[in-house]
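**Q** Spelled out from the first residue to the last, the chains are:
Protein chains: 2
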Amino acid sequence: MKITALAGGVGAAKLLSGLAGVLPSDDLTVVVNTGDDFRWMSLYICPDLDTVTYTLASLDNPATGWGVRDETFHCLERLRLLGCETWFQLGDRDLATHIYRTHCLQRGQNLAEVTAALCKQNGVAVRILPMTNCQVPTMVHTDEGTLAFQDYFVRRMCAPRVCGCSFEGVEASSAAPGVIESIQDADAVVVCPSNPYISIGPILAVPGVRASLLTTKATVIAVTPIVAGEALKGPAAAMMRQLGHEVSATSVARLYLDFLDLFVLDRRDQNLREQITALGLEVFTVDTVMDSMRSRVMLAESLLEALP
Amino acid sequence: MKITALAGGVGAAKLLSGLAGVLPSDDLTVVVNTGDDFRWMSLYICPDLDTVTYTLASLDNPATGWGVRDETFHCLERLRLLGCETWFQLGDRDLATHIYRTHCLQRGQNLAEVTAALCKQNGVAVRILPMTNCQVPTMVHTDEGTLAFQDYFVRRMCAPRVCGCSFEGVEASSAAPGVIESIQDADAVVVCPSNPYISIGPILAVPGVRASLLTTKATVIAVTPIVAGEALKGPAAAMMRQLGHEVSATSVARLYLDFLDLFVLDRRDQNLREQITALGLEVFTVDTVMDSMRSRVMLAESLLEALP
Numbered sequence: 002m003k004i005t006a007l008a009g010g011v012g013a014a015k016l017l018s019g020l021a022g023v024l025p026s027d028d029l030t031v032v033v034n035t036g037d038d039f040r041w042m043s044l045y046i047c048p049d050l051d052t053v054t055y056t057l058a059s060l061d062n063p064a065t066g067w068g069v070r071d072e073t074f075h076c077l078e079r080l081r082l083l084g085c086e087t088w089f090q091l092g093d094r095d096l097a098t099h100i101y102r103t104h105c106l107q108r109g110q111n112l113a114e115v116t117a118a119l120c121k122q123n124g125v126a127v128r129i130l131p132m133t134n135c136q137v138p139t140m141v142h143t144d145e146g147t148l149a150f151q152d153y154f155v156r157r158m159c160a161p162r163v164c165g166c167s168f169e170g171v172e173a174s175s176a177a178p179g180v181i182e183s184i185q186d187a188d189a190v191v192v193c194p195s196n197p198y199i200s201i202g203p204i205l206a207v208p209g210v211r212a213s214l215l216t217t218k219a220t221v222i223a224v225t226p227i228v229a230g231e232a233l234k235g236p237a238a239a240m241m242r243q244l245g246h247e248v249s250a251t252s253v254a255r256l257y258l259d260f261l262d263l264f265v266l267d268r269r270d271q272n273l274r275e276q277i278t279a280l281g282l283e284v285f286t287v288d289t290v291m292d293s294m295r296s297r298v299m300l301a302e303s304l305l306e307a308l309p
Numbered sequence: 002m003k004i005t006a007l008a009g010g011v012g013a014a015k016l017l018s019g020l021a022g023v024l025p026s027d028d029l030t031v032v033v034n035t036g037d038d039f040r041w042m043s044l045y046i047c048p049d050l051d052t053v054t055y056t057l058a059s060l061d062n063p064a065t066g067w068g069v070r071d072e073t074f075h076c077l078e079r080l081r082l083l084g085c086e087t088w089f090q091l092g093d094r095d096l097a098t099h100i101y102r103t104h105c106l107q108r109g110q111n112l113a114e115v116t117a118a119l120c121k122q123n124g125v126a127v128r129i130l131p132m133t134n135c136q137v138p139t140m141v142h143t144d145e146g147t148l149a150f151q152d153y154f155v156r157r158m159c160a161p162r163v164c165g166c167s168f169e170g171v172e173a174s175s176a177a178p179g180v181i182e183s184i185q186d187a188d189a190v191v192v193c194p195s196n197p198y199i200s201i202g203p204i205l206a207v208p209g210v211r212a213s214l215l216t217t218k219a220t221v222i223a224v225t226p227i228v229a230g231e232a233l234k235g236p237a238a239a240m241m242r243q244l245g246h247e248v249s250a251t252s253v254a255r256l257y258l259d260f261l262d263l264f265v266l267d268r269r270d271q272n273l274r275e276q277i278t279a280l281g282l283e284v285f286t287v288d289t290v291m292d293s294m295r296s297r298v299m300l301a302e303s304l305l306e307a308l309p
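Going down the list, the sequences are from chains A and B.
Going by our numbering, the first sequence opens with residue 2, and the numbers climb by one from there.
Going by our numbering, the second sequence opens with residue 2, and the numbers climb by one from there.
A hint or two may mislead.
Note that identical chains are pooled: a pair holds if it fits in a single copy or bridges any two copies.
As the list claims (entries may be wrong) - Cut-off 25 Å, straight-line C-alpha distance, at most; resulting in silico cross-link-like pairs (SDA-like, lysine to any residue):
#1 121 to 82
#2 218 to 78
#3 121 to 78
#4 234 to 186
#5 121 to 243
#6 3 to 124
#7 121 to 217
#8 121 to 88
#9 234 to 148
#10 121 to 110
#11 234 to 248
#12 121 to 81
#13 3 to 109
#14 218 to 181
#15 218 to 259
#16 121 to 229
#17 121 to 275
#18 3 to 41
#19 121 to 238
Since the hints were made in silico from the structure, they are not lab data.
Using the sequences and the hints, build the whole thing.
**A** Structure (structure tokens):
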């Protein structure tokens with residue numbers, strides 16, 4: 002059973018650690034959003050790639066959802082004293098990843114190669130692919146103007162009202178090697194419980210990705226990131242509301258309707274089952290909230306059972 | 002009394018902290034060796050500039066002679082796990098300096114501008130100038146071939162036998178703005194007790210520096226880095242021997258003879274006084290070993306007294 006997952010940050014990482022626990026590593030490929038990537042102090046930072054890699058390497062910090070566990074912030078504190086902007090929290094151990102990546106990119110490696118090297122050195126056997134080797138920065142259009150993603154997400158803490166997102170240069174970008182193939186060759190594609198606008202949206206916008214989801218023989222399955230009218234983490238619910246949609250799993254299902262076969266609904270949203278079925282989707286109802294390692298594995302096992 | 006100092010690392014930094022204690026900040030300019038500078042993981046590292054700046058900012062680690070006090074090495078340890086060469090010890094707090102410098106250089110600032118900014122942010126009022134804004138890496142010619150300086154100094158721990166040094170590209174380099182002027186306009190130029198071959202040598206090799214030392218009306222004064230036939234720190238004595246010279250203060254005086262007015266000899270080398278006077282130099286004898294803050298200030302005060 003070959004599975005390819007489309008992933009954002011924390012929610013995706015939790016499901017992926019469950020899937021990695023029940024699948025042979027060779028059978029799991031993860032395509033990760035890179036729209037959040039940014040430069041800080043000339044270091045190249047890929048928040049979603051790092052969250053997924055750290056989680057699969059069991060280096061993640063469950064308390065924060067970002068960075069490395071048992072972290073210190075001595076370098077950042079010194080940079081603050083040197084007058085640098087330090088609203089993005091980068092720990093000393095985490096910085097090693099960014100220094101390594103930036104160095105490799107400057108020496109001519111592409112992001113996929115650096116990502117593969119980081120996986121290998123961190124002992125992650127699952128194949129993690131950036132959605133693209135190109136830079137396609139997510140721009141958030143808000144009532145305060147257009148903001149670079151981290152500016153909206155971290156510095157402004159999602160306060161501005163969102164009226165849309167775009168991914169700069171995405172039309173001219175191309176999927177990283179293996180991305181399209183991994184979707185075409187999979188038995189199942191899992192859209193992780195990530196923000197549909199700013200985590201999954203950028204992946205779908207990379208030329209060829211949506212088309213391959215439409216044509217693949219894989220069962221395409223999405224796990225809802227909205228449960229009981231709330232996002233478990235991040236601004237998905239607020240963005241959904243600000244963009245004029247009802248905050249519900251049904252709205253998520255509509256966004257993926259063209260390529261989706263199976264929608265994984267949380268048990269708490271049982272009442273939406275009929276509505277989503279009426280869209281022409283198969284619906285599978287389960288506990289989707291992963292508040293323990295056990296629940297991650299259970300959700301992963303449920304997904305595998307739900308597949309034809 | 003305007004003083005310009007030519008400086009390498011630890012020995013120089015100690016004397017400079019003494020001078021900074023007895024002179025108004027405006028009256029002290031320091032021209033620092035940059036031959037040791039190197040790139041590591043694409044970060045631009047200037048060991049002597051950092052040692053001088055950290056010392057004048059009271060951030061230095063007296064136990065090691067390099068880096069920042071109360072340091073941790075979490076980032077470096079992670080980089081080691083990622084397979085990087087980590088023989089150059091860079092602490093978490095120290096890394097902030099290198100990240101800052103590299104970022105500013107990439108944004109188009111020159112090394113003198115970055116150095117001035119680092120001084121300002123660290124509260125160092127003394128003017129610290131890199132000898133040049135150009136890259137003039139020190140190469141050490143040894144019985145094991147030609148080695149980049151840090152390769153010789155840190156990785157090989159000065160083990161290879163030295164037959165010469167050169168400074169790549171120095172003929173085409175130019176002194177950083179203010180360097181030549183600060184030598185010409187000073188009342189005294191102090192050659193700090195640093196390695197004459199690899200700390201002071203690179204500064205003297207920058208076009209215009211030696212010539213300005215020959216023509217300045219300043220009293221040019223050198224403090225011996227060799228006491229009782231030993232270098233207080235580093236490979237100066239070993240290099241002197243390997244290059245075929247007697248390991249003594251007299252050999253140091255000979256290296257600077259063309260531009261020197263006054264040689265500061267350690268009391269323990271009183272017996273060399275006549276020999277050095279015979280070279281045509283004034284000799285001033287004092288305790289030069291700076292093993293306490295008090296002794297740094299005392300040496301600085303002695304130097305000022307010795308000046309005409």
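**Q** For residue 121 vs residue 229, is the C-alpha pair at or below 25 Å within one copy, between two copies, both, or neither?
**A** The answer is neither: 39 Å in one copy and 54 Å across copies each exceed 25 Å.
**Q** Can you tell me if residue 234 and residue 186 fall within 25 Å by alpha carbon in one copy, between copies, both or neither?
**A** neither (31 Å within a copy, 63 Å between copies)
**Q** Reference check for the pair residue 121 and residue 243, CA-CA at most 25 Å: within, between, both, or neither?
**A** neither (41 Å within a copy, 45 Å between copies)
**Q** Could you figure out if residue 121 and residue 217 sit no more than 25 Å apart (CA to CA) within one copy, between two copies, both or neither?
**A** Result: close neither inside a copy nor across copies, 29 Å intra and 60 Å inter.
**Q** With 25 Å as the alpha-carbon cut-off, assign the pair residue 121 and residue 275 to within, between, both or neither.
**A** Answer is neither; intra-copy 44 Å and inter-copy 66 Å both fail.
**Q** Should residue 121 paired with residue 82 be assigned to within, between, both, or neither, using CA atoms and 25 Å as the limit?
**A** For residue 121 and residue 82, only the inter-copy Cα distance (11 Å) is at most 25 Å; the intra-copy one is 35 Å.
**Q** Checking an output row: residue 218 and residue 78, CA cutoff 25 Å. Within, between, both or neither?
**A** For residue 218 and residue 78, the Cα distance exceeds 25 Å both inside one copy (51 Å) and across copies (45 Å).
**Q** First find the shortest C-alpha distance between residue 234 and residue 148 inside one copy, then the shortest across copies, and answer within, between, both or neither for a cut-off of 25 Å.
**A** Classified as within: same-chain Cα gap 20 Å, cross-chain 53 Å, threshold 25 Å.
**Q** Measure nothing new, just compare the shortest in-copy and cross-copy C-alpha distances for residue 121 and residue 88 to 25 Å and report within, between, both or neither.
**A** Classified as between: cross-chain Cα gap 22 Å, same-chain 30 Å, threshold 25 Å.
**Q** When no copy is specified for residue 218 and residue 259, does a C-alpha distance of 25 Å or less occur within a copy, between copies, both, or neither?
**A** within (14 Å within a copy, 84 Å between copies)
**Q** From the Cα coordinates, with 25 Å as the cut-off, is the pair residue 234 and residue 248 best called within, between, both, or neither?
**A** Intra 14 Å, inter 68 Å, cutoff 25 Å: intra-copy only.
**Q** Using 25 Å as the alpha carbon limit, work out where residue 3 and residue 109 are close: within a copy, between copies, both or neither.
**A** The answer is neither: 31 Å in one copy and 48 Å across copies each exceed 25 Å.
Hint compliance for this structure: hints 2, 4, 5, 7, 13, 16, 17, 18 and 19 are broken, all remaining hints hold.
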